[in-house]
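Q: Sequence:
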Amino acid sequence: MTAKNKKALNKAMKAKKEGKPVNAEETKKKQSTVKEEVKKITAAKEPKKITTAKEPKKIAASKEPEKIAAQPEPKKLSTQPEPKEEKKVVKKTAAKEKTTKSSEKAKRTAKRVKEETATPKKAVKKASKASVKKTVEEPKLDLKNVSLDDCMWRLNEKGADVSYEMVAAMLLDEKDMKKVVKGIAEDKQLSDATALTLLQAVVEKISQTMDIKAADFAQIKKAMAAFEKGKLGDDDEANAQLYLDAFKTAEKILMIAQRKQIALAADVSKLLGSDVAVFMEHFFQTAYDLLPSWQYSDVKFYEDFAYAILSQFEDLYELHQLRIQLDVADLYIKHGDFGQGDACYGYILRDNQIKDYIYYRYASVYESIDINRAKEIAYGSMQYVDERYTYYPQLAEIINK
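Numbering (this note's numbering), first residue to last: 1 to 401.
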C-alpha cells in the first residue's frame, strides 16, 4: 500500500470516527485501490509459505530403489571383479537428480547386457578342454549285433577300401589280431577313431568266419602230435573219434596249403612246426583199417578227400599215389562193390609196371570174400609174373589153396 493511499485511508477513518462527512465516491475508489494493493501484497507473500526447494530433498533422500538397482550381478555370469559400491551424491535440484538417475540406469543396463552376452573366460577354457577331450576319446560304438557287411560298408564309407580277402589273407599269416588291425590302419592311413573302431570289428568278425587262420596253427600242431600217438583198439567209439579228429586236422592242413598256395607238404611242415608227411601216412593207414566197417558213403567221401590231398602236395603224390589207388579199390571190394573195385584194379594194372605187387593186392583182398575169385586173379598174374618177381611166392600160395 502506497504511502498516499495509506494516508487517505487514515483520513477517511478519522473523519468517520469524528462523525465528519466523507466523500462516498472517493472513499469507495480509495477502498478499491486499497483492496487491490492488499491482494498484490498477499499474492507476493504466499509463495514464501511453500518450501519447494525442500521437497526434492525428501524424494532424493529415499535411497532404496537405487540400492536394489545397484546390486552387482551374480558371480556365475561374470569373471570381472565385483564393482565397488559408490556413494551417490544427492543433487540440489530435482532436474539434476532425475538426469543422474537416468544416466546411472543406462550404465547399469549396458553393463548387464555386456555381461550376459559375453562368454566368461573360465567357461570358454572349460568348453575348449571338453571339446579336445571329446575329439581324442574313441567313440563307443556297439557293433556286436551289427553284421559284417554293414561294418564293412561303414568302414569303406570312411575311405578305408578294405576287402574280406585282404583281411583273411593277413589273418592267415599273422596270429596277433592287433597287429593285423595296426597293419591295415597304417597301410590305409586310418587315424579317425570311429574308423579304427569299425576296422577292429571287421577284423574280429572276419576272423570268426574263417575255418583256418594263423592263430589256429598251435592247436593244429598239438592235434597232429596227439593223433600220431593214437592207435585203433577194441572200442569202436574211441576208434571213430580218433579217425574223425584226424580227418578234421588233415582238412585244416589242406586248407592252409590251398589258401596260401603251398604245393609241398614240407613247406607246411615248416609253417606248423610238425611233419605233415608223417601225419598223412598215419591218417591213410587209419582210414584203410577202419573204413571197411563203416558205411559205403564214407568210402566215397574218403576217396575224394585223399585225392584232394595228393593233388595239392606234389611230394605226397610221389609217395602215396599208388597206395591210395590200391586202398580205395580194396575198400570198394570189401564193401561189396566188386564192379567198381575190379575197374580200379584194371586201370592200375594197365598203367603200372610192378604187376606182381598189384596182382597180389588184388587177389589177397578177395581171399576172405571169394576164394575162387582170388585164385582166378592169382592165376591170371602168371602171364606177367615169374620166379624173378618179389611177390611170385605169395601168388603161387593163393593158387594152391
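Do not rely on the hints blindly, as some may be mistaken.
[What the hints assert, rightly or not] Restricting the straight-line Cα-Cα distance to at most 25 Å, the calculated cross-link-like pairs of lysine to any residue (SDA-like) are:
id, residue 1, residue 2
1, K401, I371
2, K229, D150
3, K252, Y164
4, K179, D150
5, K334, L290
6, K355, D342
7, K222, Y164
If you're looking for bench data, these hints aren't it; they were derived computationally from the structure.
Q: State for each hint whether it applies.
A: Against the structure, the hints:
1. K401 / I371: 8 Å, holds
2. K229 / D150: Judged against 25 Å, a Cα distance of about 46 Å means the pair is violated.
3. K252 / Y164: 20 Å, holds
4. K179 / D150: Roughly 23 Å separates the two Cα atoms, so the pair holds.
5. K334 / L290: 12 Å, holds
6. K355 / D342: With a Cα-Cα distance of about 15 Å, the restraint between K355 and D342 holds, given a limit of 25 Å.
7. K222 / Y164: 29 Å, violated
Against the hints set out earlier in the document, violations occur for numbers 2 and 7.
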